[in-house]
Amino acid sequence: MKGLLIISGLGILAMLAEIFKFKKILLPLVLLGIIGAYVANFMEWNNGLSISAFDNMIVFDKVSIAFSGVILATAFFWFIMANDYFENSSNVVDHFALVLFAITGALMMTAFKNMTTLFLGIEIMSIPLYVLAASRKRNMASNEAGFKYLIMGSFASGFLLFGIALIYGASGSFDIMQIRAYISSAAPGTLPLFFYAGVVLLLVAMLFKVSAAPFHFWAPDVYQGSPTVITALMSTIVKTAAFAAILRLFMSAFGNVSEIWTVILSAVVALSLVISNFSAAMQSNVKRMLAYSSISHAAFMLMVVLANVRSNATVGALLYYSLAYSIGSIAAFCILYKVTKKGDESFDAFNGLAKRNPLLAGCMTVAMLSLAGIPVTAGFFAKYFVLTIMIATTYKWLVILAILSSAVGVYYYFKIIIAMYFKPAATEEPVEIEMSQKMVVILTCLITLALGIVPGYVAEMFAF
Amino acid sequence: MLSALLIFLPLVASLMVFMIKGNAARNFALGAAVAEFVLAVFVYCQFKMGNHYQDLTMNNIWVKSLNIHFSIGIDGMSLLMVLLTTFLVPLIILSSFTTAYEKPNAFYGLILFMQMALVGVFTSNDGFLFYVFWELALIPIYFICLLWGGENRGKITFKFFVYTLLGSLFMLVGLIYLYSHTGYGSGLKSWAVQDLYNAGRSMNESQQSAVFWMIFVAFAIKMPVFPFHTWQPDTYVTSPTSGTMLLSGIMLKMGTFGLIKWLLPIVPLALTKWGGTAITLSVFGIVYASCIAIVQKDFKRLIAYSSIAHVGLISAGILSANQQGVQGALIQMMSHGVNVVGLFLIADILMRHTGTRDSDKLGGLRNMNGQFAVLFLIILLGAVALPLTNGFVGEFLLIGGVYQYDAWMAGFAGLTVILGAVYMLRSYQNIMLGEKNVNVGAFGPLATSDKVVLITICAVVIAFGVYPKPLNDLAEPAVKMLLNNMK
Numbered sequence: 001m002k003g004l005l006i007i008s009g010l011g012i013l014a015m016l017a018e019i020f021k022f023k024k025i026l027l028p029l030v031l032l033g034i035i036g037a038y039v040a041n042f043m044e045w046n047n048g049l050s051i052s053a054f055d056n057m058i059v060f061d062k063v064s065i066a067f068s069g070v071i072l073a074t075a076f077f078w079f080i081m082a083n084d085y086f087e088n089s090s091n092v093v094d095h096f097a098l099v100l101f102a103i104t105g106a107l108m109m110t111a112f113k114n115m116t117t118l119f120l121g122i123e124i125m126s127i128p129l130y131v132l133a134a135s136r137k138r139n140m141a142s143n144e145a146g147f148k149y150l151i152m153g154s155f156a157s158g159f160l161l162f163g164i165a166l167i168y169g170a171s172g173s174f175d176i177m178q179i180r181a182y183i184s185s186a187a188p189g190t191l192p193l194f195f196y197a198g199v200v201l202l203l204v205a206m207l208f209k210v211s212a213a214p215f216h217f218w219a220p221d222v223y224q225g226s227p228t229v230i231t232a233l234m235s236t237i238v239k240t241a242a243f244a245a246i247l248r249l250f251m252s253a254f255g256n257v258s259e260i261w262t263v264i265l266s267a268v269v270a271l272s273l274v275i276s277n278f279s280a281a282m283q284s285n286v287k288r289m290l291a292y293s294s295i296s297h298a299a300f301m302l303m304v305v306l307a308n309v310r311s312n313a314t315v316g317a318l319l320y321y322s323l324a325y326s327i328g329s330i331a332a333f334c335i336l337y338k339v340t341k342k343g344d345e346s347f348d349a350f351n352g353l354a355k356r357n358p359l360l361a362g363c364m365t366v367a368m369l370s371l372a373g374i375p376v377t378a379g380f381f382a383k384y385f386v387l388t389i390m391i392a393t394t395y396k397w398l399v400i401l402a403i404l405s406s407a408v409g410v411y412y413y414f415k416i417i418i419a420m421y422f423k424p425a426a427t428e429e430p431v432e433i434e435m436s437q438k439m440v441v442i443l444t445c446l447i448t449l450a451l452g453i454v455p456g457y458v459a460e461m462f463a464f
Numbered sequence: 001m002l003s004a005l006l007i008f009l010p011l012v013a014s015l016m017v018f019m020i021k022g023n024a025a026r027n028f029a030l031g032a033a034v035a036e037f038v039l040a041v042f043v044y045c046q047f048k049m050g051n052h053y054q055d056l057t058m059n060n061i062w063v064k065s066l067n068i069h070f071s072i073g074i075d076g077m078s079l080l081m082v083l084l085t086t087f088l089v090p091l092i093i094l095s096s097f098t099t100a101y102e103k104p105n106a107f108y109g110l111i112l113f114m115q116m117a118l119v120g121v122f123t124s125n126d127g128f129l130f131y132v133f134w135e136l137a138l139i140p141i142y143f144i145c146l147l148w149g150g151e152n153r154g155k156i157t158f159k160f161f162v163y164t165l166l167g168s169l170f171m172l173v174g175l176i177y178l179y180s181h182t183g184y185g186s187g188l189k190s191w192a193v194q195d196l197y198n199a200g201r202s203m204n205e206s207q208q209s210a211v212f213w214m215i216f217v218a219f220a221i222k223m224p225v226f227p228f229h230t231w232q233p234d235t236y237v238t239s240p241t242s243g244t245m246l247l248s249g250i251m252l253k254m255g256t257f258g259l260i261k262w263l264l265p266i267v268p269l270a271l272t273k274w275g276g277t278a279i280t281l282s283v284f285g286i287v288y289a290s291c292i293a294i295v296q297k298d299f300k301r302l303i304a305y306s307s308i309a310h311v312g313l314i315s316a317g318i319l320s321a322n323q324q325g326v327q328g329a330l331i332q333m334m335s336h337g338v339n340v341v342g343l344f345l346i347a348d349i350l351m352r353h354t355g356t357r358d359s360d361k362l363g364g365l366r367n368m369n370g371q372f373a374v375l376f377l378i379i380l381l382g383a384v385a386l387p388l389t390n391g392f393v394g395e396f397l398l399i400g401g402v403y404q405y406d407a408w409m410a411g412f413a414g415l416t417v418i419l420g421a422v423y424m425l426r427s428y429q430n431i432m433l434g435e436k437n438v439n440v441g442a443f444g445p446l447a448t449s450d451k452v453v454l455i456t457i458c459a460v461v462i463a464f465g466v467y468p469k470p471l472n473d474l475a476e477p478a479v480k481m482l483l484n485n486m487k
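Going down the list, the protein sequences come from chains A and B. The opening residue of the first sequence carries number 1 in this note's numbering; numbering runs sequentially from there. The opening residue of the second sequence carries number 1 in this note's numbering; numbering runs sequentially from there.
The set of hints was computed from the structure by calculation and includes no laboratory data. All values reported here derive from a predicted model rather than from experimental measurement.
Below, in silico cross-link-like pairs of lysine-lysine (DSSO-like), each with a Cα-Cα straight-line distance of 27 Å or less:
| id | chain 1 | residue 1 | chain 2 | residue 2 |
| --- | --- | --- | --- | --- |
| 1 | B | Lys-436 | B | Lys-361 |
| 2 | B | Lys-480 | B | Lys-48 |
| 3 | A | Lys-137 | A | Lys-342 |
| 4 | B | Lys-103 | B | Lys-21 |
| 5 | B | Lys-297 | B | Lys-361 |
| 6 | A | Lys-355 | B | Lys-159 |
| 7 | B | Lys-273 | B | Lys-480 |
| 8 | A | Lys-24 | A | Lys-341 |
| 9 | A | Lys-137 | A | Lys-148 |
| 10 | B | Lys-103 | A | Lys-423 |
| 11 | B | Lys-64 | A | Lys-396 |
| 12 | B | Lys-469 | B | Lys-48 |
| 13 | B | Lys-103 | A | Lys-355 |
| 14 | B | Lys-451 | B | Lys-103 |
| 15 | B | Lys-21 | A | Lys-355 |
| 16 | A | Lys-341 | A | Lys-137 |
| 17 | B | Lys-159 | A | Lys-423 |
| 18 | A | Lys-341 | A | Lys-148 |
| 19 | B | Lys-480 | B | Lys-469 |
| 20 | B | Lys-189 | A | Lys-396 |
| 21 | B | Lys-64 | A | Lys-62 |
| 22 | A | Lys-438 | B | Lys-21 |
| 23 | B | Lys-155 | A | Lys-355 |
| 24 | A | Lys-24 | A | Lys-2 |
Only chain B is shown next, with the shape it has when bound in the complex:
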């Protein structure tokens, strides 16, 4: 019941927001998003108290003939993702307060609708339902990017849409193929996640490989992993800031989460055969994207590329399929989500206050707004994974996980930390430090909403850097169970 409420609260709120005229829409949306977060925290408490089954799962028949169920449930992994989603959406809404969007009701309605779909993706226990939510998440973000995006948005968002849709269609075929293999023995076909696991494992290596690639492509496009990443930088740069935050902060995690829950346990044989190839692609993507990030002048584009690098490491960790790697991936997904939202907000603030994000045209901002400089620095350090920030915990575990798989790979994957430090610190230096650039006028004090968002994010960066135990406590048993499931 509670988990269903998590899905339907944003849906109802989104429909209501659509009907509200004017700026009241955004206040209402913020209220709804905060309420959703409170609900998620309540679910977390319930979960902690050991109440796993009665309230947190739901299973109703949706389409009888195909045995499709509306089956949702919460375990440690999905709870992490739900907490991330519900934590970020209010921040994303709040950070958009300084920009006056046309038709705010549609804008915030779409954001809440997307939240519904995202929570659905993370909680569904039915393969078909998962696919439906997966696709539903795509539609609002497409419209957000299309209607409120920047230059050339028509072409760019379209490329993004076709890319992801093509990927998910392949996933659909993969899932249907799995479905057609379920019911071995009993003859009753089923979409339930556990039955799909069993169906996958009953296949031989070549069948598993086919399923692996079909589903992997969908996730790889969403994350994105090299060489499926070409839609990403343009889309991130063109989208309105809130859209970029949704894409990078949460939607990207759909891919990594899918990899953990909907691919690893299904195709163990294919993973031993093709896992190396997929990890190589991910690791190559890390180095490739980091190198491109180094030469970027536009700060938003730089974050876009750095995101490819980070997610490459996450994907490599997951595909190495060991406790450290997967657990690290879950934790890094949380930290990356929070940090990247902070970084995109900073890019947005730079744009609003100075009219440019080009690091060559900026400089010496620190002297004009010390507070901003400190907040920026904390988030930046989180992103480069300095010890005692949240980024460190995840990356440390991830590299450890990849190391268990292959030491050489870990060596290359570790470059993400070094190269990350290079481009992040360099751009900080260019933008914030040094002499004041002649192009920059005044840099006034931050808006209250921005300040609240940045301070919250900084608090999370430090809090979970110092004390990551709550995250570990959720991730560890869930990952253990998953990996046991794979044997």
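Next up, chain A with everything else stripped away, as it sits in the complex:
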């Protein structure tokens, strides 16, 4: 709760920076603020009490605190990584504020207890991102990305609102727990049809946000067009927040009407696995490839939701997956950002990186191994936890599909490794990287390895 307040306060502070002329110290200030929020978060975790506020519209329980922790940690690394992106832009302050507000929205999404808070959270997170996606004003692709993201996001919001309205119409409440009570009190078969329609609309809206197939068409264009650092933000923090929301929405509120949404979701997962991996394998642009790969990771995380067992193990698995994926992605995007500085975003940009900067090549290898799910990296355990959950359900066919598609996944992640070590570089010129960014890359890689060697610390946070 305090974390949320601190981050939104930081956002306002950032807007004042231009007027009161403390632009120079803004970044350290923001980093300190994030650390402060993290510490506050941590203390609330240790207290072990759920904190509710605004008439029970927001509740910070263990689950939301844990997911906020992932978001804050990612945000911390992100700000250091995006450091020089801010320096180069004319209106630093606006960018800072926008990103901080997006993070505020993300934090709200992890903790909503009420449909209206969910909607607010999604909008607070998305609107800054529409702007940020288009923040390279003179670049056509960036404008296109912003525009597409806005249109698609608005559609999703429309679905979301309509869904919320229908559910409210049936249950008479916005509150998650009351909706749950409404479902379990209704006699079988007596729920009105429009309630089901509402659930499906909500599902579709959330699937838009996590860009699961077949609602993924915006993702590759937006990822490619947006500035790389913003893409990193979209594929880490946004995903984590959306999954925290989905977890709460479908496993808490609609857990008892699973028959209506699991059918759709299983088809979505299957489609996402196949489409994302085969499309990713055909890309020549690394950012597009990562966009498709993020769809595949989304499919893995959706599988946990599909299992629809609300236990400590499933929450732990989802948390672990978001952390592993976010940290791995930050490392990958940071290196991608430095490597593609010249504008070439194809796989060729990585050619001979092992010679041009062996450290970056080594770290990129770790990140790619993790995203591909090779032991002993975090990505392996993330997938492993999901598979253990799925094999106990009736969706064994999805496990096989997931295995086959991750083998395809290896193909495109290794394309980068092969390019780095095997292909000759066009130039011998070394890739420069700032000290602070170097630290981000090294730290994220170390965390990836540490998570893989002792996965228990995160996966067992919910003591199962």
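We have chain A; now place chain B onto it with these hints.
Only chain B this time, still in chain A's reference frame:
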């Protein structure tokens, strides 16, 4: 404790080697590998003295919620494999001394890292740990082949990687499925090998069959058994010699060892149903690969195909699931490992001294270097399983084992000896005997490091051919226990 040391010594050494610049790296790596072998011999002595449990097993919790343990231990089977690994790695390192690899620290560091993973595979007593080491072994060899390999290595090593990874992912699913069946009664799930055995046996036939195929595919790709072998010849030929030696000498044994320890005892019902199919595939692979080997001109490629043939026989012996077959398989795994490393070194020496491995372009080398001719011949005879060489003991037992299963199969499997003699002796004739080929220049004396490796291997070929008892003594009780376990 000792067994943990066996795993961590190469790991620490590998990290240190990464940091050493220049050629000192390879000397250090050799030292570490020899130290590891000495340690393995010490473990062997401990084992012989009957000290099986206190020092040789270790069991610590790794991930509590999933009941994953860092559980390692040594029995007769794993000790054989550990001895093979630790014996071959110093030889592999030594045999690479004549080639100057770029970035030697990375090269030798990866080899030692791989040794760590291999020892881990052979000693782990926890299904999950086994899988982790299994995958860890793949990464260094991938980079060794990718960075120091020959022509077209990008595509070829990639195919190899995807093939094996796909196989192991299926194995992972199979193992998770087994895991989800453990704890019948007590409710406590477990990855311990014995619990997985019990879980497997509590399943009905169709469940066992599913597990059988998922896990078998992983092992079949690694060995490789027909029709999962298509990655193998290209990868063997393209890899640097040390990589090929690691792949064929040791890594291949991961598959056969896995078959013995992680498949046979788990799925007895599926084995009666599908064992015949799997043996047929293996035996077909023997004949198929031998026939292809006969027409090969490139000596390295010829050994690659002959390796498929040999491993087909090993796999058939294991799947026949009787004392002779499995014991023969263990012994043949040892001999094949040693012999194939020798043969690949010979291919490498040919390449270095004459610039070609093509048997048509070679001839009459015997007159130029008699010593080389003798060493080559001894190793070659070991490979074709002449009596009194190490290859004979294993193949004899293996064919006997397959015979107990099915006489016809044994007849076809026996072709490996005959066809093996055909292609091996023919290529020896082409390369070493006859008139000196016009293409061949001088064939100077062997480098000392090569000589040491070849002589050591020849000594092993003869020693264990004449006196295979120590191997039998280790293999026999372990296999007995395993087969009793299956009843």
